[in-house]
Structures are given as C-alpha cells and as structure tokens.
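**Q** Taken in order, these protein sequences are the chains called A and B.
Taking this note's numbering as reference, the numbering of the first sequence is continuous, increasing by one, and the terminal residue is 350.
Taking this note's numbering as reference, the numbering of the second sequence is continuous, increasing by one, and the terminal residue is 608.
Hints listed in this document are in silico derivations from the structure and should not be mistaken for laboratory results.
Keep in mind it's a predicted model, so treat the numbers as computed, not measured.
Think of the CB as a built atom: it goes at the ideal place given N, C-alpha and C, for glycine as much as any other residue.
It is possible that part of the hints are untrue.
If you want the footprint, here are the derived chain A segments under chain B, 3+ residues with CB under 8 Å [stated by the list, open to error]: (1) 179 to 190; (2) 250 to 264; (3) 294 to 303; (4) 332 to 340.
Only some residues are given here: those of chain A computed to face chain B with a beta carbon under 10 Å [stated by the list, open to error]: (5) 170; (6) 172; (7) 200; (8) 215; (9) 347.
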Amino acid sequence: MRSVGIGFVAAATAAAVGFLFVPALILGAPLEPVMGFVQKIFYFHVPCATMLFLSTFVCAGGSIAYLFKGSEAGDRVAASAGELAVLFGLCTLVTGPLWGRKAWGVWWQWDARLTSALLLELIMIAYLLARRYGGPAGRKLSAALALFAAIDVPLVYKSVDIWRTVHPQTTVVPSLDPRMRPAFWSAFALILLVWAVLFMVRLRLEAARAELASLRLDVEDMLETG
Amino acid sequence: MKNRNRWGRAWLLAVGVLAWLAPALAVAQDFQKVNGPLREELPATPFVAAAYGFIWIALLAYVVWLARGVGRVRKDLAELRGRIGEQADRGGPRP
Numbered sequence: 125m126r127s128v129g130i131g132f133v134a135a136a137t138a139a140a141v142g143f144l145f146v147p148a149l150i151l152g153a154p155l156e157p158v159m160g161f162v163q164k165i166f167y168f169h170v171p172c173a174t175m176l177f178l179s180t181f182v183c184a185g186g187s188i189a190y191l192f193k194g195s196e197a198g199d200r201v202a203a204s205a206g207e208l209a210v211l212f213g214l215c216t217l218v219t220g221p222l223w224g225r226k227a228w229g230v231w232w233q234w235d236a237r238l239t240s241a242l243l244l245e246l247i248m249i250a251y252l253l254a255r256r257y258g259g260p261a262g263r264k265l266s267a268a269l270a271l272f273a274a275i276d277v278p279l280v281y282k283s284v285d286i287w288r289t290v291h292p293q294t295t296v297v298p299s300l301d302p303r304m305r306p307a308f309w310s311a312f313a314l315i316l317l318v319w320a321v322l323f324m325v326r327l328r329l330e331a332a333r334a335e336l337a338s339l340r341l342d343v344e345d346m347l348e349t350g
Numbered sequence: 514m515k516n517r518n519r520w521g522r523a524w525l526l527a528v529g530v531l532a533w534l535a536p537a538l539a540v541a542q543d544f545q546k547v548n549g550p551l552r553e554e555l556p557a558t559p560f561v562a563a564a565y566g567f568i569w570i571a572l573l574a575y576v577v578w579l580a581r582g583v584g585r586v587r588k589d590l591a592e593l594r595g596r597i598g599e600q601a602d603r604g605g606p607r608p
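Sequences are here, hints too, so could you generate the full structure?
**A** Pasting the structure below:
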C-alpha cells in the first residue's frame with residue numbers, strides 16, 4: 125500500500141481541528157425563535173444529507189463507468205462512495221428524528237421527504253449487500269441499483285417543494301439569517317472535508333485490495349508453474 | 514298535561530346537572546389551563562447532544578473499521594511478499 129501524502133495529512137489534521145472549532149461556532153450562533161436550541165441539529169443534519177446526495181451521485185458515476193466501459197477504477201470509486209452514502213444517510217436519518225421529536229412532537233412522519241430519504245438509504249444498503257453477497261453478478265447488480273439511487277436524489281431534494289410536508293423547505297439555507305451563516309458554512313466545509321478524507325482512504329483501501337487479489341493470482345500461477 | 518310537566522322538569526334538571534358537572538369533566542380529561550408563561554416540557558439539550566454524539570461515534574467507528582481494513586491488507590501484502598521472496602531465493606520464477 126502506498127504511504128499517505130502531505131495533502132491527506134493536512135486534510136485529516138484540518139478535519140480534527142474543525143471538530144473542536146466548529147461546535148463552538150454553532151453554540152455561538154443565535155437561537156432560532158420558534159424551535160429554540162434544538163435547531164442547532166440543523167448545522168450538521170443538512171451537511172450530512174448533502175454528503176448522502178454527493179456520495180450517491182459519485183457512486184452512480186463510478187457505476188456508469190463500470191457498467192458501460194468495464195472500468196475497474198470506476199467500480200472501486202462506486203464501492204467507496206456507496207459505503208459513505210450509507211454512513212452519511214444513517215447520520216441524516218438519526219439526527220432528523222431527534223430534531224423532529226422536539227420540534228414536531230413525533231419521531232417520524234410518513235411524509236414525502238422522510239419516506240423518500242429512507243428509500244434512498246435502503247437502496248444504498250441494498251447496493252452494499254448486493255456487492256457483498258450477490259455472487260459473480262453482484263457488482264453489476266449493485267451498479268444498476270446505484271443508478272436507481274441517483275434517480276431518487278432529485279426526488280428527495282424537491283419533495284418538500286412538490287408535496288406538502290412538515291419538513292422545512294429548500295429555501296431554508298438560502299434565506300438563513302446572516303448571523304447563522306458562518307456556523308452553517310463552517311459545519312458544511314468540515315463535513316465535506318471529512319467526506320473527502322474518508323473517501324480517499326476508502327479508495328486507497330479498495331485499490332490495495334484489488335492489487336492484493338491480483339498478486340495472489342500471480343503467486344498461485346507462479347507456484348503452479350514453479 | 515301532568516306528564517308533560519314532569520318530563521319538562523326532568524329535562525331541565527338533567528341540563529342543570531350536566532352544566533354543573535362540565536368543569537369537573539374537563540378536569541377529568543386532564544386539560545388544564547396554563548398559568549404564567551408556557552413551560553417547555555421536553556428539554557432540547559439531550560436531543561442536540563444525542564444528534565452530535567451519534568455523528569461523532571458513527572464517523573469514529575467507520576475510521577476504526579477502515580484502519581482495521583488497511584492493517585489487514587498490509588499484513589496480507591507482507592505475507593505475500595515473503596512468499597515471493599522465498600520462491601525467488603529457491604530460484605523459482607518471479608511474478
């Protein structure tokens with residue numbers, strides 16, 4: 125396995141520092157008058173949801189490269205992003221109900237936003253399961269699932285504008301109070317940085333696993349011929 | 514005529530009793546008037562702490578899982594290189 129570069133070390137250090145610095149900014153941001161303190165969940169909930177969307181798109185991009193061009197690198201990108209989609213989707217689906225319980229009085233509502241987001245998470249879990257247990261056709265099957273997941277992303281995002289739901293609309297971020305923006309965008313940058321670092325490490329691991337598998341085949345050939 | 518008056522009196526008595534019992538029925542259903550400013554029943558801090566705690570724990574668990582995966586691959590690679598080295602020492606073909 126190749127050793128890590130200076131860019132990776134810098135990004136990982138910045139992410140670690142950010143986890144100390146950003147919560148202070150969030151606590152210092154003004155309270156929202158209707159929801160009060162529980163609205164602070166917003167600062168990490170929205171970036172996590174955005175990373176779920178980003179991971180799904182990256183996974184679908186890699187899957188397209190693998191399905192239509194047979195790209196092994198594309199498959200590795202898809203596998204790495206697929207895992208991150210499940211991770212950040214889980215963060216979104218746990219923090220959302222915690223916020224909802226206090227703000228709406230219920231843990232869950234079967235409305236368009238929440239249901240479509242749950243569906244997206246389930247498709248991405250199915251993607252990982254198909255890869256792992258799908259047998260010889262598992263990688264192709266999972267790549268097809270990633271395409272369905274990517275189609276669900278715009279639906280999840282626009283659901284709050286199309287249907288009447290209890291969830292806040294997409295206008296929340298653009299119309300955010302200027303005093304809340306530094307905290308929000310810092311949290312967003314931090315989560316994006318964490319995503320990039322995890323993606324790089326996961327991609328390296330996937331490449332190393334592929335190299336190991338190829339080397340094992342070579343060794344077996346060598347032992348047979350030797 | 515006498516029966517009619519009796520029914521009328523009974524009806525009035527029933528309405529009066531219900532009107533008298535109405536506040537007691539409302540209390541029995543646990544609807545109570547708020548005195549003073551409205552107090553929040555659920556504190557927000559545990560929800561915010563749980564949300565942030567979950568994100569940190571989930572990310573940390575994933576980092577640990579990745580580190581274990583990297584460690585395993587490194588170990589397997591070292592083992593494989595050792596086998597290749599042994600084979601080369603014996604004068605066999607190199608992959």
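**Q** Of all the hints given earlier, name the ones this structure violates by number, lowest first.
**A** 1, 2, 3, 5, 7
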